[in-house]
Amino acid sequence: MRRHACLLGLFLLSACGVLYTIYHVKPQDSHSQQGAALFQVPQLISTTKTVTLSANATESDVINNVRSYTSGLPKTNEVTVVTAYFNLGQLDKAGGEGRYTPNLYKKWMTIFGDLDNRLIVFADAQDTVDLFKRIRARYPPERTTIFLVKRQELWAFRLEKEIAAIYSQPNYPKHPPNTINPLYSCAMHAKFELVQRVIRERLYTTPFIAWLDIGLFRGEVGKNQTIHLTAPTDLDRTKVGYSEVNKFESMSARDVIARNKVWVGGASFVGTPDVVYEYCSDYRRAVRLLLDMKLMSTDQQVIYIMYLPAFLIKFQPKVQLQLYRPGWFDGFQGSDWFFIGYVMKDTP
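When the letters of the sequence shown are read in order and numbered with mature numbering (1 follows the signal peptide of the UniProt record, and there is no 0), they come out as residues -21 to -1, 1 to 327.
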(Lines of atoms letter the chains of each structure in order from A and count residues from 1; the text may use other names and numbers.)
(Lines give C-alpha, C1' and ligand atoms only; values in the text may rest on other atoms or scores of the structure.)
Protein backbone atom coordinates (compact mmCIF):
# COMPACT_ATOMS: atom_id res chain seq x y z
CA MET A 1 0.00 0.00 0.00
CA ARG A 2 1.34 3.43 -0.87
CA ARG A 3 -0.23 6.68 0.25
CA HIS A 4 1.82 9.29 -1.46
CA ALA A 5 1.69 10.86 -4.84
CA CYS A 6 3.51 10.25 -8.06
CA LEU A 7 6.06 12.88 -9.04
CA LEU A 8 7.57 15.95 -10.90
CA GLY A 9 7.59 19.77 -12.35
CA LEU A 10 9.78 23.12 -12.95
CA PHE A 11 9.64 26.79 -14.23
CA LEU A 12 11.72 29.93 -14.37
CA LEU A 13 10.49 33.49 -14.00
CA SER A 14 12.41 36.06 -15.96
CA ALA A 15 14.10 38.92 -14.18
CA CYS A 16 11.08 41.13 -14.84
CA GLY A 17 8.78 38.58 -13.23
CA VAL A 18 6.54 38.26 -16.28
CA LEU A 19 8.16 35.99 -18.83
CA TYR A 20 8.76 32.31 -18.20
CA THR A 21 11.53 30.34 -19.83
CA ILE A 22 11.64 26.55 -19.86
CA TYR A 23 14.99 24.76 -19.82
CA HIS A 24 15.48 21.11 -20.67
CA VAL A 25 17.66 18.79 -18.62
CA LYS A 26 20.80 17.72 -20.42
CA PRO A 27 21.17 13.95 -20.79
CA GLN A 28 23.57 12.14 -18.50
CA ASP A 29 24.95 8.94 -19.93
CA SER A 30 25.60 7.08 -16.71
CA HIS A 31 25.47 7.27 -12.96
CA SER A 32 29.25 7.06 -12.88
CA GLN A 33 29.60 10.24 -14.95
CA GLN A 34 30.05 12.24 -11.77
CA GLY A 35 31.63 15.26 -13.40
CA ALA A 36 29.07 16.08 -16.07
CA ALA A 37 27.12 19.33 -15.82
CA LEU A 38 23.59 18.12 -15.28
CA PHE A 39 21.60 21.23 -16.10
CA GLN A 40 21.88 24.18 -18.40
CA VAL A 41 21.07 26.62 -15.62
CA PRO A 42 20.08 30.12 -16.78
CA GLN A 43 21.57 33.29 -15.34
CA LEU A 44 18.12 34.78 -14.65
CA ILE A 45 18.22 33.78 -11.00
CA SER A 46 21.05 35.61 -9.30
CA THR A 47 20.79 33.59 -6.08
CA THR A 48 21.52 30.31 -7.87
CA LYS A 49 25.15 29.36 -8.45
CA THR A 50 26.17 26.53 -10.72
CA VAL A 51 29.31 24.45 -10.76
CA THR A 52 30.85 22.10 -13.28
CA LEU A 53 33.20 19.59 -11.72
CA SER A 54 35.98 17.69 -13.41
CA ALA A 55 34.93 14.56 -15.29
CA ASN A 56 37.21 12.70 -12.88
CA ALA A 57 35.51 14.08 -9.76
CA THR A 58 34.79 11.46 -7.12
CA GLU A 59 31.75 11.37 -4.88
CA SER A 60 33.99 12.66 -2.10
CA ASP A 61 34.93 15.62 -4.30
CA VAL A 62 31.26 16.37 -4.90
CA ILE A 63 30.37 16.18 -1.21
CA ASN A 64 33.29 18.42 -0.23
CA ASN A 65 32.18 20.91 -2.87
CA VAL A 66 28.63 20.79 -1.51
CA ARG A 67 29.85 21.36 2.05
CA SER A 68 31.94 24.31 0.96
CA TYR A 69 28.99 25.94 -0.81
CA THR A 70 26.52 25.20 2.01
CA SER A 71 28.86 26.66 4.63
CA GLY A 72 28.42 30.06 2.99
CA LEU A 73 24.63 30.02 3.32
CA PRO A 74 22.77 31.73 6.19
CA LYS A 75 22.72 29.61 9.37
CA THR A 76 18.99 28.92 9.62
CA ASN A 77 16.68 25.90 9.50
CA GLU A 78 15.21 27.04 6.17
CA VAL A 79 14.46 24.34 3.59
CA THR A 80 14.68 24.19 -0.19
CA VAL A 81 11.87 21.93 -1.45
CA VAL A 82 12.20 19.63 -4.47
CA THR A 83 9.19 17.98 -6.11
CA ALA A 84 8.22 16.43 -9.44
CA TYR A 85 5.37 14.98 -11.46
CA PHE A 86 5.53 12.45 -14.26
CA ASN A 87 2.22 11.87 -15.97
CA LEU A 88 1.86 8.08 -15.97
CA GLY A 89 -1.86 8.17 -16.66
CA GLN A 90 -4.33 6.60 -14.27
CA LEU A 91 -2.79 4.61 -11.41
CA ASP A 92 -4.79 1.88 -9.73
CA LYS A 93 -3.77 1.66 -6.08
CA ALA A 94 -3.76 -1.45 -3.94
CA GLY A 95 -5.47 -1.70 -0.57
CA GLY A 96 -8.72 -0.08 -1.63
CA GLU A 97 -7.16 3.33 -2.24
CA GLY A 98 -8.89 3.63 -5.62
CA ARG A 99 -7.68 5.31 -8.77
CA TYR A 100 -5.26 8.20 -8.92
CA THR A 101 -5.79 10.22 -12.09
CA PRO A 102 -3.75 13.08 -13.58
CA ASN A 103 -6.59 15.44 -12.69
CA LEU A 104 -6.39 14.35 -9.06
CA TYR A 105 -2.66 15.00 -9.02
CA LYS A 106 -3.26 18.44 -10.56
CA LYS A 107 -5.69 19.22 -7.76
CA TRP A 108 -3.03 18.27 -5.21
CA MET A 109 -0.42 20.36 -7.03
CA THR A 110 -2.32 23.55 -6.19
CA ILE A 111 -1.06 23.35 -2.59
CA PHE A 112 2.38 24.34 -3.91
CA GLY A 113 0.89 27.76 -4.58
CA ASP A 114 0.62 28.10 -0.79
CA LEU A 115 4.19 26.92 -0.14
CA ASP A 116 6.42 29.85 0.82
CA ASN A 117 9.74 28.07 0.32
CA ARG A 118 12.37 27.99 -2.38
CA LEU A 119 10.83 25.39 -4.73
CA ILE A 120 12.40 23.35 -7.52
CA VAL A 121 10.03 21.39 -9.74
CA PHE A 122 10.56 18.81 -12.48
CA ALA A 123 7.85 17.90 -15.01
CA ASP A 124 7.61 15.86 -18.18
CA ALA A 125 4.62 17.70 -19.68
CA GLN A 126 3.94 21.30 -20.66
CA ASP A 127 0.54 21.39 -18.95
CA THR A 128 2.19 20.62 -15.61
CA VAL A 129 4.72 23.38 -16.21
CA ASP A 130 1.91 25.81 -17.03
CA LEU A 131 0.04 24.90 -13.85
CA PHE A 132 3.08 25.53 -11.67
CA LYS A 133 3.76 28.80 -13.48
CA ARG A 134 0.29 29.96 -12.60
CA ILE A 135 0.20 28.91 -8.96
CA ARG A 136 3.72 30.21 -8.20
CA ALA A 137 3.28 33.61 -9.90
CA ARG A 138 2.68 35.31 -6.52
CA TYR A 139 6.26 34.68 -5.36
CA PRO A 140 9.49 36.50 -6.28
CA PRO A 141 11.33 34.93 -9.24
CA GLU A 142 14.11 33.48 -7.10
CA ARG A 143 11.62 31.38 -5.11
CA THR A 144 10.81 28.98 -7.97
CA THR A 145 12.63 27.02 -10.66
CA ILE A 146 10.88 24.62 -13.06
CA PHE A 147 12.50 22.12 -15.42
CA LEU A 148 10.77 20.39 -18.30
CA VAL A 149 12.51 17.02 -18.61
CA LYS A 150 12.49 14.06 -20.95
CA ARG A 151 12.05 10.74 -19.18
CA GLN A 152 14.49 8.90 -21.42
CA GLU A 153 17.27 11.25 -20.34
CA LEU A 154 16.93 10.25 -16.70
CA TRP A 155 18.82 7.38 -15.08
CA ALA A 156 15.68 6.18 -13.32
CA PHE A 157 13.58 5.82 -16.45
CA ARG A 158 16.35 4.12 -18.37
CA LEU A 159 15.79 1.23 -15.93
CA GLU A 160 12.28 0.62 -17.31
CA LYS A 161 13.05 -2.42 -19.48
CA GLU A 162 15.12 -4.06 -16.78
CA ILE A 163 12.38 -3.54 -14.20
CA ALA A 164 9.70 -4.74 -16.62
CA ALA A 165 11.63 -7.98 -17.14
CA ILE A 166 11.74 -8.53 -13.38
CA TYR A 167 8.01 -7.89 -13.00
CA SER A 168 7.26 -10.37 -15.78
CA GLN A 169 8.99 -13.25 -13.97
CA PRO A 170 6.66 -16.19 -13.23
CA ASN A 171 5.02 -15.88 -9.81
CA TYR A 172 6.53 -12.47 -9.13
CA PRO A 173 4.43 -10.68 -6.45
CA LYS A 174 1.64 -8.47 -7.81
CA HIS A 175 1.02 -5.28 -5.83
CA PRO A 176 -0.46 -2.58 -8.06
CA PRO A 177 1.10 -0.32 -9.11
CA ASN A 178 4.35 -1.08 -7.22
CA THR A 179 5.23 -4.38 -8.90
CA ILE A 180 2.89 -4.05 -11.89
CA ASN A 181 3.84 -0.79 -13.56
CA PRO A 182 7.59 -0.42 -14.15
CA LEU A 183 7.19 3.28 -14.94
CA TYR A 184 5.77 3.86 -11.48
CA SER A 185 8.84 2.25 -9.98
CA CYS A 186 11.02 4.42 -12.22
CA ALA A 187 9.21 7.56 -11.06
CA MET A 188 9.87 6.64 -7.45
CA HIS A 189 13.58 6.11 -8.13
CA ALA A 190 13.77 9.42 -10.00
CA LYS A 191 13.32 11.51 -6.87
CA PHE A 192 16.78 10.48 -5.60
CA GLU A 193 18.42 11.24 -8.93
CA LEU A 194 16.77 14.65 -9.14
CA VAL A 195 17.55 15.66 -5.58
CA GLN A 196 21.20 14.81 -6.25
CA ARG A 197 21.17 16.99 -9.33
CA VAL A 198 19.70 19.91 -7.42
CA ILE A 199 22.42 19.56 -4.79
CA ARG A 200 25.23 19.02 -7.25
CA GLU A 201 24.32 22.05 -9.35
CA ARG A 202 23.83 24.33 -6.34
CA LEU A 203 20.19 25.04 -7.09
CA TYR A 204 19.39 25.13 -3.37
CA THR A 205 19.75 28.31 -1.32
CA THR A 206 19.22 26.99 2.22
CA PRO A 207 21.10 24.81 4.76
CA PHE A 208 18.50 22.03 4.42
CA ILE A 209 16.88 20.30 1.46
CA ALA A 210 13.66 18.27 1.41
CA TRP A 211 11.83 16.09 -1.05
CA LEU A 212 8.05 16.57 -1.07
CA ASP A 213 5.69 14.32 -3.03
CA ILE A 214 2.90 16.09 -4.90
CA GLY A 215 0.25 14.53 -2.66
CA LEU A 216 1.76 14.91 0.80
CA PHE A 217 -0.31 17.97 1.73
CA ARG A 218 -3.42 16.80 -0.11
CA GLY A 219 -5.42 17.42 3.07
CA GLU A 220 -4.47 21.11 3.00
CA VAL A 221 -5.83 21.87 -0.49
CA GLY A 222 -8.34 24.70 -0.55
CA LYS A 223 -7.63 26.03 2.96
CA ASN A 224 -6.35 29.42 1.74
CA GLN A 225 -3.24 29.41 3.89
CA THR A 226 0.49 30.00 3.68
CA ILE A 227 2.67 26.97 4.39
CA HIS A 228 6.30 27.49 5.34
CA LEU A 229 8.49 24.44 5.88
CA THR A 230 11.53 24.45 8.14
CA ALA A 231 13.78 21.59 9.22
CA PRO A 232 12.88 19.92 12.54
CA THR A 233 14.86 21.52 15.35
CA ASP A 234 15.99 18.13 16.64
CA LEU A 235 17.13 16.77 13.27
CA ASP A 236 20.52 15.07 13.55
CA ARG A 237 22.65 16.64 10.82
CA THR A 238 24.33 13.30 10.13
CA LYS A 239 20.99 11.62 9.30
CA VAL A 240 18.03 11.94 6.94
CA GLY A 241 14.59 12.46 8.46
CA TYR A 242 11.62 10.25 7.45
CA SER A 243 8.12 9.41 8.70
CA GLU A 244 7.99 6.00 10.36
CA VAL A 245 4.89 4.16 9.16
CA ASN A 246 5.44 0.70 10.68
CA LYS A 247 7.91 -0.82 13.07
CA PHE A 248 10.97 -2.37 11.46
CA GLU A 249 11.00 -6.17 11.25
CA SER A 250 13.93 -8.30 10.20
CA MET A 251 13.18 -10.42 7.13
CA SER A 252 14.60 -11.16 3.70
CA ALA A 253 14.60 -8.72 0.80
CA ARG A 254 12.28 -11.06 -1.08
CA ASP A 255 9.82 -11.03 1.80
CA VAL A 256 9.74 -7.23 1.87
CA ILE A 257 8.66 -7.23 -1.77
CA ALA A 258 6.37 -10.25 -1.55
CA ARG A 259 4.54 -8.77 1.44
CA ASN A 260 4.73 -5.18 0.15
CA LYS A 261 6.20 -4.11 3.48
CA VAL A 262 6.67 -0.46 4.42
CA TRP A 263 8.88 0.89 7.18
CA VAL A 264 9.13 4.60 6.31
CA GLY A 265 6.85 6.71 4.14
CA GLY A 266 8.50 7.82 0.93
CA ALA A 267 6.45 11.00 0.56
CA SER A 268 9.10 13.24 2.10
CA PHE A 269 12.61 13.27 3.49
CA VAL A 270 14.82 16.07 4.80
CA GLY A 271 18.44 16.66 5.70
CA THR A 272 21.53 18.73 5.03
CA PRO A 273 22.58 18.75 1.35
CA ASP A 274 25.81 16.82 1.85
CA VAL A 275 24.15 14.06 3.89
CA VAL A 276 21.14 13.87 1.56
CA TYR A 277 23.47 13.61 -1.44
CA GLU A 278 25.32 10.70 0.13
CA TYR A 279 22.04 9.06 1.12
CA CYS A 280 20.75 9.30 -2.45
CA SER A 281 23.95 7.58 -3.59
CA ASP A 282 23.27 4.82 -1.05
CA TYR A 283 19.79 4.43 -2.49
CA ARG A 284 20.97 4.24 -6.08
CA ARG A 285 23.58 1.63 -5.19
CA ALA A 286 20.88 -0.42 -3.49
CA VAL A 287 18.67 -0.20 -6.58
CA ARG A 288 21.50 -1.52 -8.73
CA LEU A 289 22.17 -4.39 -6.36
CA LEU A 290 18.50 -5.36 -6.22
CA LEU A 291 18.21 -5.27 -10.01
CA ASP A 292 21.16 -7.65 -10.20
CA MET A 293 19.27 -9.91 -7.78
CA LYS A 294 16.19 -9.75 -10.07
CA LEU A 295 14.23 -7.93 -7.38
CA MET A 296 12.48 -4.56 -7.50
CA SER A 297 9.51 -2.60 -6.20
CA THR A 298 9.30 1.09 -5.18
CA ASP A 299 11.37 3.38 -3.00
CA GLN A 300 9.55 2.36 0.18
CA GLN A 301 10.56 -1.27 -0.26
CA VAL A 302 14.09 -0.39 -1.40
CA ILE A 303 14.64 1.76 1.71
CA TYR A 304 13.34 -1.04 3.95
CA ILE A 305 15.71 -3.52 2.31
CA MET A 306 18.70 -1.16 2.58
CA TYR A 307 18.71 -1.51 6.37
CA LEU A 308 17.89 -5.22 6.70
CA PRO A 309 20.53 -7.18 8.65
CA ALA A 310 20.57 -9.85 5.94
CA PHE A 311 21.10 -7.22 3.23
CA LEU A 312 23.87 -5.48 5.18
CA ILE A 313 26.10 -8.45 4.37
CA LYS A 314 26.15 -7.19 0.77
CA PHE A 315 25.44 -3.51 1.28
CA GLN A 316 26.54 -0.96 3.88
CA PRO A 317 24.60 2.33 3.81
CA LYS A 318 26.71 5.32 4.78
CA VAL A 319 23.76 7.33 6.08
CA GLN A 320 21.28 6.38 8.79
CA LEU A 321 17.67 7.54 9.12
CA GLN A 322 16.04 9.62 11.85
CA LEU A 323 12.42 8.55 12.29
CA TYR A 324 9.41 10.73 13.11
CA ARG A 325 6.07 9.26 14.18
CA PRO A 326 2.81 10.82 15.45
CA GLY A 327 2.55 10.78 19.21
CA TRP A 328 6.22 11.60 19.72
CA PHE A 329 5.62 15.36 19.54
CA ASP A 330 2.69 17.07 21.24
CA GLY A 331 0.73 19.40 19.00
CA PHE A 332 1.88 18.02 15.66
CA GLN A 333 -0.65 16.62 13.24
CA GLY A 334 -0.60 14.43 10.15
CA SER A 335 -0.84 10.74 9.37
CA ASP A 336 1.99 8.28 9.84
CA TRP A 337 2.63 8.39 6.09
CA PHE A 338 3.01 12.16 5.87
CA PHE A 339 4.11 13.07 9.38
CA ILE A 340 7.57 14.46 8.58
CA GLY A 341 5.91 17.00 6.27
CA TYR A 342 3.70 18.21 9.10
CA VAL A 343 6.66 18.35 11.49
CA MET A 344 8.35 20.70 9.00
CA LYS A 345 5.11 22.66 8.58
CA ASP A 346 4.64 23.14 12.32
CA THR A 347 8.26 23.78 13.28
CA PRO A 348 8.67 27.50 14.14
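Hints listed in this document are in silico derivations from the structure and should not be mistaken for laboratory results.
Bear in mind the structure is a predicted one, so any value in this text is a computation, not a measurement.
Hints are not guaranteed to be accurate.
As the list claims (entries may be wrong) - Quick list of the computed label-pair ranges, beta carbon to beta carbon:
hint	residue 1	residue 2	range
1	D40	N225	35 to 45 angstroms
2	K129	M272	41 to 51 angstroms
3	M272	N225	18 to 28 angstroms
4	A116	S231	47 to 57 angstroms
5	E38	A144	26 to 36 angstroms
6	R264	Q204	32 to 42 angstroms
7	Q204	N150	25 to 35 angstroms
8	T217	Q105	34 to 44 angstroms
9	T37	S231	17 to 27 angstroms
Built from N, CA and C at the ideal position, the CB exists for glycine as well.
Hint by hint, here is what the structure shows:
{"no.": "1", "hint": "D40 with N225: 35 to 45 angstroms", "verdict": "38 angstroms, holds"}
{"no.": "2", "hint": "K129 with M272: 41 to 51 angstroms", "verdict": "29 angstroms, violated"}
{"no.": "3", "hint": "M272 with N225: 18 to 28 angstroms", "verdict": "23 angstroms, holds"}
{"no.": "4", "hint": "A116 with S231: 47 to 57 angstroms", "verdict": "50 angstroms, holds"}
{"no.": "5", "hint": "E38 with A144: 26 to 36 angstroms", "verdict": "29 angstroms, holds"}
{"no.": "6", "hint": "R264 with Q204: 32 to 42 angstroms", "verdict": "40 angstroms, holds"}
{"no.": "7", "hint": "Q204 with N150: 25 to 35 angstroms", "verdict": "48 angstroms, violated"}
{"no.": "8", "hint": "T217 with Q105: 34 to 44 angstroms", "verdict": "41 angstroms, holds"}
{"no.": "9", "hint": "T37 with S231: 17 to 27 angstroms", "verdict": "33 angstroms, violated"}
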